[in-house]
Amino acid sequence: MVKSTLAAAISVWLVLTSAHCHPERFSEHLSLKSLRDGRVATRFSFKTVVQDAVPRAPDSLADEDDAQHYTLFPLSLGQILRSYAVTEMHLTLNSGRWDYTRWGYPEEAGVATGAELWAWMGDSETVSLDERWKGLRNALAGLFCASLGSLDERRTTSPSHSFKPEGHLPKYSQPHRLRHATLPSENVCTENLTPFLKLLPCKSSSGIASLLNPHKLFDADWHGMAIHVTWDKNEGVVVELSFQAVFDSVRTNFFRKRDWSFEHLFGRKIVQHCTAAVASVIEVDLPVDVAYSISPEPSSALNGIAKYDVSAFSGGLDVSLKWPGEEAFAYPLHPPTQPLTDFTITRVLTGPTQSRGQLSISITNNLPDEATVLYVETMPWFVQFYLHTMRLTVDRRQRDDLLSSLSYTLPIAHGRPTLFEPRLRLPPNSTVALTMEVVKSFLQYTEHPPDAQRGWDLPPAVLVPLRTTRPSNSTTPNVSTTSDATPLTQSLGHRQPNLQRIYTRNLLVDLATPDFSMPYNVIIMSSTLIALAFGMLFNLLTRKFVLVNVAPRVVAAEAVSK
Amino acid sequence: MDYHYVLPVVVAGRLLISYSLHSDALLHNHQLSSPPTSYSRLQEGVYLFKNAINPYSGGLFHHSPLLLSLFSTVIPLSSAISPALWTLCDTLGAHCMVSIWRARSKLESSRRDGLIAALYLLNPYILLSSLALSTSTFENALYLLSLSFASQGSSSQALLCLAILTHLSLPSALLAAPIVMLLISGPESYLASPKAFTGDARKATRLCAEYLVYALSLTMISTVISDGWTWVPKTWGASLLLPDLTPNPGLWWYFFTEMFDHFRPFFLVVFSAHLVIYVAPLCIKFQHDPLYVTFLLQGILATFKPYPTLADPGLFLSTIALFPETYPYLRHPIVTVLLHVHASLLLPLFHHLWLGQGSGNANFFYASTLVFGMANGAALIDCAWAGLRIAFGEKVPGHEVVQK
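One line per chain: the protein sequences are L and H, in this order. Here the first sequence stands for residues 1 to 562, where the numbers follow full-length UniProt numbering. Here the second sequence stands for residues 1 to 404, where the numbers follow full-length UniProt numbering.
FYI, nobody ran anything at the bench for these hints, they're computed from the structure. Don't take each hint at face value.
Each computed PhoX-like pair below joins lysine-lysine, with the alpha-carbon atoms no more than 20 Å apart [as the list claims (entries may be wrong)]:
#: 1; chain 1: L; residue 1: 33; chain 2: L; residue 2: 269
#: 2; chain 1: H; residue 1: 404; chain 2: H; residue 2: 285
#: 3; chain 1: L; residue 1: 307; chain 2: L; residue 2: 322
#: 4; chain 1: L; residue 1: 47; chain 2: L; residue 2: 307
#: 5; chain 1: L; residue 1: 171; chain 2: L; residue 2: 216
#: 6; chain 1: L; residue 1: 544; chain 2: H; residue 2: 404
#: 7; chain 1: L; residue 1: 171; chain 2: L; residue 2: 233
#: 8; chain 1: H; residue 1: 195; chain 2: L; residue 2: 544
#: 9; chain 1: L; residue 1: 257; chain 2: L; residue 2: 171
#: 10; chain 1: H; residue 1: 203; chain 2: L; residue 2: 544
#: 11; chain 1: H; residue 1: 285; chain 2: L; residue 2: 544
#: 12; chain 1: H; residue 1: 195; chain 2: H; residue 2: 285
With the rest of the complex left out, here is chain L (with noise of 0.2 Å):
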C-alpha cells in the first residue's frame, strides 16, 4: 500500500517537473579555412537548443524560479541567464588584432581584441536593469575566471541601433533595452578555456572539442572564444560556445610549407565522436586554382567546401590539406588587388602632448555604390571629444554633408563613457577622413592602474553598415538594357554590402599622471601654504597696532659711544 503511494506520487512528481523539461539538442561543427597568408582560420562552434524554452520574463523575478532541469544545456550558464532575466547575450574574449586587409571577414563578427559583452534584456521594475546588468557581468566573471567585473558604468554603453539582437525579442510587458561594455585590456587564456570547456557536454574528451589543445590554441596569431545566447521563437534558447582561432601553418611547419594537418594544428586528433551530439560536422573551404589533396576522403564535398562528418570516423580523425606542387610557401607581396572587406577603416590618435590630441579615422568604401554606415565610438570618460572641430573630408575636400545624423552621449567625469554614433553616408571607392580634437583628462592618483605610465587602452570603434535601399534610377531591373553586355562595375554595382560589422585596433592613450608617491607630500605642502596665508592675515587683522618708542635705548647707546 506504502509502496503504491509512493510509486504514484513519484511518478506524479516526475510528470510535473517534466513540463518544465525541454527537448535539447547538441551539435557540434568545425571549419576551417586557408587564407591568403598561408594562415588556417579555424571556427569551433558548440550549439545547444533547449527547444520551445521561453527567456525568462523579467516581472517574474520577485517570484521564485520554476526548477530547471537540463541534461545537455550548461547548467551554470543556465542559472545566471535566469537569476538575471537575460533575452539574449553575448561575451567575447579575444587576444590579438584580426586584421581584416589580410584574412577578410572573420566567420565571427565579435573580433574585438580583449573582452565585449553585451546583453539585451527586458526593462522592468521588479529588479532594476542596471542592477542585472552588474550582477550578470559579475557572475561571468566568476564562471570564466575573468575581470568581466571591471565593466562597470565607466565602460557600459547602450548603442542601441548599432547592436541589433540577433534572436527574436519575446513580448515582455516593458521593452528590451541594450547595455554594452568592452574592456581592451583583458586578454584570453588557459583559465578561461577550462571553464569554456567544463559547460561542454562532452568536455574536451571526445567529438570536436577534443582538438581544444590549450598549448597550440594559445600559440596562435589571433584566437578567441565567445558565448552567444539568443532566443529563436521557432527554436527555443540557443546557446552557442565558439572558439575562433587564426593558425601560422607556415611558421609551424619544418619546410614552411603551409600545409596542414589537425595533428599539426592542434597537437590531437579526433579519437572518437562525442555521443551527445545530434550532428558533429567539419567543414574544410577547399583552395581554388591550386592543386591540393585531402585526406581522409571528405564524406561529402560540395561548392568547394568538403564536409566531414565525425560520427562516420571510428578510428579517429585527422583531416590533412597539402599542397603537393609547393616547395615553400611564398608570402603574396601585394595586398589584394580586390579588397577583402567592402570597407577598411583605420583610427589613429595624434598629438605631442598628453592634455589633448587628435582623433583621426579614415573609412574606405571598397565597395561601386554609395553606403551608408554607422561609427560607433565608446570612449571612457578621459578621452572626451572637441565636437565642434570634427572634420569630415573626402580627398582633402570638406564633405559634413557626409554626416546623416548623429547620436551623442556626453560622458560624465569619473563616470559614464562617450558614446559617439555618427551615421555617415561614404561615396563609392572613396576614402572618407574623419577628424576631431579630443582632450585627456587628468585622473586621481587613485584611478591610475597600477602601471599607469604605459597609459590606458582604448576600446576598439565598429563600423556597422546599414542595409541600403537601392538609388531610385536604378530599382527597375536592368532586364531592359538591349545587349548582355552589362558593363561590369554596373553588375557588382547593386549588391548589398556585407553588412558584419567591423572593429578597428584598441588605441593606447597616454594621460599625465600625478606623482604616486605625493599624497601625504602635497596635503602637507598645500597646506602649510593655506595655513601662512591665514595665519598672516588674520595676525594682521586681529592683533592691536601700537607704536613702541624705541629711542631712549638708542640715545642712551650713543651716549656711551660719546
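Please build the complex by placing chain H on the supplied structure of chain L, with the hints as guidance.
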C-alpha cells in the same frame, strides 16, 4: 600721461596683438584658461546646444547658461569677432578702473588715469588670458563694472553686475558684503583715518534683497534657457566638488588629485569654507574703506579659489594701482615682485616640461603653483599690512609701529 591719448593707443596695440597672435597653444594653455573659463569648451557647448544636445548632460562644459545663450544666439563665436570682443571687455574693464579711481580720489581727471588704464590693459597676466579668449576676462570686466557702478552710487546696476558675476563664478558671491558696504558708505579712502561704519541696517537689507532678487532671476532665466536644473551641478557644483582636475595655477587641483578618496569630501568642505572665513573679519577690520575690503577679498579669491586662471591674480595686481596711498607702507614689495617673476617663469616652463616635453613630472608644475601661491599670498599680506599701517602715519624717528 593723458588718458584720452593713452587708451586708444593701448587698445589699438592690444587689437593688433590679438589678431596677429592667434595660436592654439595659447587657447589651450592651462594657466590662462581653466575648465569653467575655457574658450574651446565654450565653443563645444555652443556647438552641442545648437545641435540640440544638452551640454550639461556631460562633464566637459562648465560655463553658465547665460554665456551659452549669448554666444549661440546674439554673438557668434568666430575667430573674426572673438578677439575684438575680448579686447573690448578689457577696455571696458580699464575704463571702469579709471572711473573707480576718479570716484575714490574725487578728481574729474588726473595724470594717473592713463597709467591705471595701461596697467590693466598691459598686465601680462590679463593680456595673455584675454589672448587665450578665457571667459575670466568677462568676470574681470563684470567685477570692475560692478565696483565702478558702486563707487558712483548706482546701486541697482552694481548689484546686477555682481549678480551676473556670481552667476558666472560662484565664489564671487563673497564680494556681495563689501560691495553692499561700498554702496552705503562710498568709495573715498579712509585708510589713513579710520572711522566706524555708519550704515543703515534697513538700507543694507534692501540692497541685499535686491541682489538676491537679481541672482534668483538669473537662476530662473538660466533654468529656462537650459530647460531644467542640470546646469546647476555642472557650473556651480563644479566649483564646489572639483570634478575636473585639469591643472591650473591654483592650489586645488593637485591637492585633490592626490587626495585619499575617503578624505575628499572633508577637504572639499574645508577648502570651500576657507574662502568664506575671510569675509567677516576683513569687513569688520576695514569697515572704514569697503573698496579696500573688496580689493583684498578679490585677492584672496584669486589665490584660493577652485579654478583660478592667471587673469584673477592679474586683476588683483592691477587694482593695486587704485591705492597709491598705501605704497610707502609696503614692507616687502621687491620680494613680492621677485616671487611673481619667479613664478611666472616657472609656471609655463614646468607645465611644458611635464605635459609637452614629458621630461618633467607633475611635481614640477605643482611646485611652481606653490611659488605662485606664495607670490600672491605675499602681495595680499603686504597690502593688508599697508592698509592697516597707514593709519599710524609716517614713520617717526625713534618710534616703531608693532602689533601687540
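Q: Mind checking the alpha carbons of residue 171(L) and residue 216(L) for me, to see if they're no more than 20 Å apart?
A: The hint is violated at about 44 Å.
(Q) Check the hint pairing residue 307(L) with residue 322(L) against an upper bound of 20 Å on the C-alpha distance. (A) holds, 16 Å
Q) Are residue 33(L) and residue 269(L) close enough, with their CA atoms no more than 20 Å apart? A) holds, 18 Å
Q | Pair hint outcome, residue 171(L) versus residue 233(L) [Cα-Cα no greater than 20 Å] | A | Holds, at roughly 11 Å.
(Q) With the threshold set at 20 Å, check whether the alpha-carbon distance from residue 544(L) to residue 404(H) stays at or below it. (A) holds, 5 Å
Q: Given the hint that residue 285(H) pairs with residue 544(L), test it: the Cα-Cα distance must not exceed 20 Å.
A: Distance of about 11 Å is within 20 Å: holds.
Q) When you check the alpha-carbon spacing of residue 404(H) and residue 285(H), does it fall within 20 Å? A) Roughly 16 Å between the alpha carbons, so the hint for residue 404(H) and residue 285(H) holds.
Q: Please work out if residue 195(H) and residue 285(H) have their alpha carbons no farther apart than 20 Å.
A: holds, 11 Å
Q | Restraint check for residue 203(H) with residue 544(L), where alpha carbons must lie at most 20 Å apart | A | Outside the cut-off at roughly 31 Å; violated.
(Q) For a C-alpha distance cap of 20 Å, please report whether residue 47(L) and residue 307(L) respect it. (A) holds, 18 Å
**Q.** 20 Å limit on alpha-carbon distance, applied to hinted pair residue 195(H) and residue 544(L)
**A.** Holds, because 16 Å separates the two Cα atoms, which is no more than 20 Å.
**Q.** Hint consistency between residue 257(L) and residue 171(L) [alpha-carbon to alpha-carbon, up to 20 Å]
**A.** violated, 55 Å
Comparing the model with each numbered hint stated earlier shows that hints 5, 9 and 10 do not hold.
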